[in-house]
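When you get a sec, could you build the whole thing from the sequences and use the hints?
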Amino acid sequence: MRVHFIAVGGSAMHNLAIALKQKGHEVTGSDDAIYEPSRSRLEKYGILPSAMGWYPENIHEGLDAVILGMHARADNPELLKAKDLNLKIYSYPEYIFEQSKEKRRIVVGGSHGKTTITSMIIHVLQKCGLDFDYMVGAQLEGFETMVRLSDAPVMVIEGDEYLTSPIDRRPKFHVYQANIGIISGIAWDHINVFPTFDNYVEQFKIFLETIVPGGTIVYNQEDAVVNKIVNESAADVAKKGYAVPAHHTDKGTTFLDVSNKIIPLLVFGRHNLSNIEAAHRACAELGIADDQFYDAISSFKGASKRLELLGKNEETSVFKDFAHSPSKLKATIEAVKEQFPDRELVAAIELHTFSSLNREFLNEYRGTMDKADVPIVFINRHTFEQKKMEPYGENVVKEAFGNGKLNFFNNNEILVEFLSSINYKRKNLLLMSSGDFGGLDLAKIAERVLGK
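In my numbering, the protein residues as written are -4 to 447.
Simulated from the structure, these hints should not be mistaken for lab results. Given the structure is predicted, the values throughout are model-derived calculations rather than measurements. Cβ coordinates follow ideal geometry from the N, Cα and C atoms, glycine included. Heads up, none of these hints are tricks.
Heads up, simulated DSS-like pairs for lysine-lysine below, C-alpha to C-alpha not over 27 Å straight-line: (1) Lys296 to Lys325; (2) Lys235 to Lys96; (3) Lys325 to Lys420; (4) Lys200 to Lys223; (5) Lys234 to Lys200; (6) Lys325 to Lys300; (7) Lys256 to Lys122; (8) Lys246 to Lys420; (9) Lys300 to Lys366; (10) Lys366 to Lys422; (11) Lys296 to Lys366; (12) Lys439 to Lys307; (13) Lys382 to Lys300; (14) Lys98 to Lys234; (15) Lys296 to Lys256; (16) Lys246 to Lys332; (17) Lys83 to Lys18; (18) Lys420 to Lys332; (19) Lys420 to Lys400; (20) Lys96 to Lys122; (21) Lys18 to Lys96; (22) Lys325 to Lys223; (23) Lys296 to Lys439; (24) Lys307 to Lys420; (25) Lys300 to Lys246.
Listed next, with one range per pair, are the computed distances between beta-carbon atoms: (26) Lys39 to Ile409: 36 to 42 Å; (27) His377 to Glu310: 33 to 39 Å; (28) Arg34 to Glu280: 34 to 40 Å.
Shown next, in the form of structure tokens:
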């Protein structure tokens, strides 16, 4: 089969391209800019375009399919030619569904925890020796790609609620038609697409309706919004709620207290314990016994960029995390404080996404950093320009967060100076962003902090 990817450089798109190349298909791609690690990985598999840009000559009648990435625009010249030639055009999620429609599909939805729950399920299935396909939004240790497509009878899919493609305005997780759906929690996000909270919540109500009749919804019954929409839904599904399991923490390690056993974990925080229980319920639907599940989950190290340990010594640990939305920020800070109750916490968040920078949405962050001893907010001043947004300063941020202790920076060099001036004796450092703090090397910051 001959497949061409429009906007091949995205994290999901380039992984799908590699997965299809590994299956023996003829794969080409185009993009106007490709960054690391996508660039090196595409080059390794012979898929990296020879030149950046959009070239209609890439599109011809010999193609069996064109896969369209979200990064492309509706007037993309390659897309327009593919339409003129009446070629089969798939969005990324449409192609994933096409390849998995004969499989049993687990689709993990929710405003937070999707990547981690998906990763946990994948980890357990692999440990238990099951054959399965997957699509996950992070690079996992021990897996070459973020996508696998084979003849396996099961597929585990991270179900993003963002739009499917420039020409398909459905949220991605509406496309997959889950047999087993998961909703981990609902907290308003993607306000550029879902302008009101009610509009955002509506997408999860629709998700319930897309589950295959007779299927199952595994849902966080401790989330009031999730609990309400699931129990009010008339969808023909089995409803299986979950909550944070019994646990305790001792000397920096969290243990599950389940099935008359004590299970040590490599991850921590109430949000991760909740994620574990979501994965547990989903795996049980696939026939995984409790003993098998807990034995496997005890070796789960966490998803990439989720409370990732950059380094530690006897008195300090430095973590980085992908947290950027209000719910993720609050949960991540509370997790570190609960795990290390005898240490102060220096917590820095970069506001980087369109939603997080939106002045009206900023008030959603009120109280989210209250558990941090030294709360820090960083905004790269160039980000406003890149996103064509009206800039604002320290006073607006402090008022929105409602935190008198908050430190604000819009220059990363001054931020590094501030972080370096702190005495980290009996303190932890948590660096959170979906960006890179304006190009900072976080590993070097960790080295400097731990060397003090």
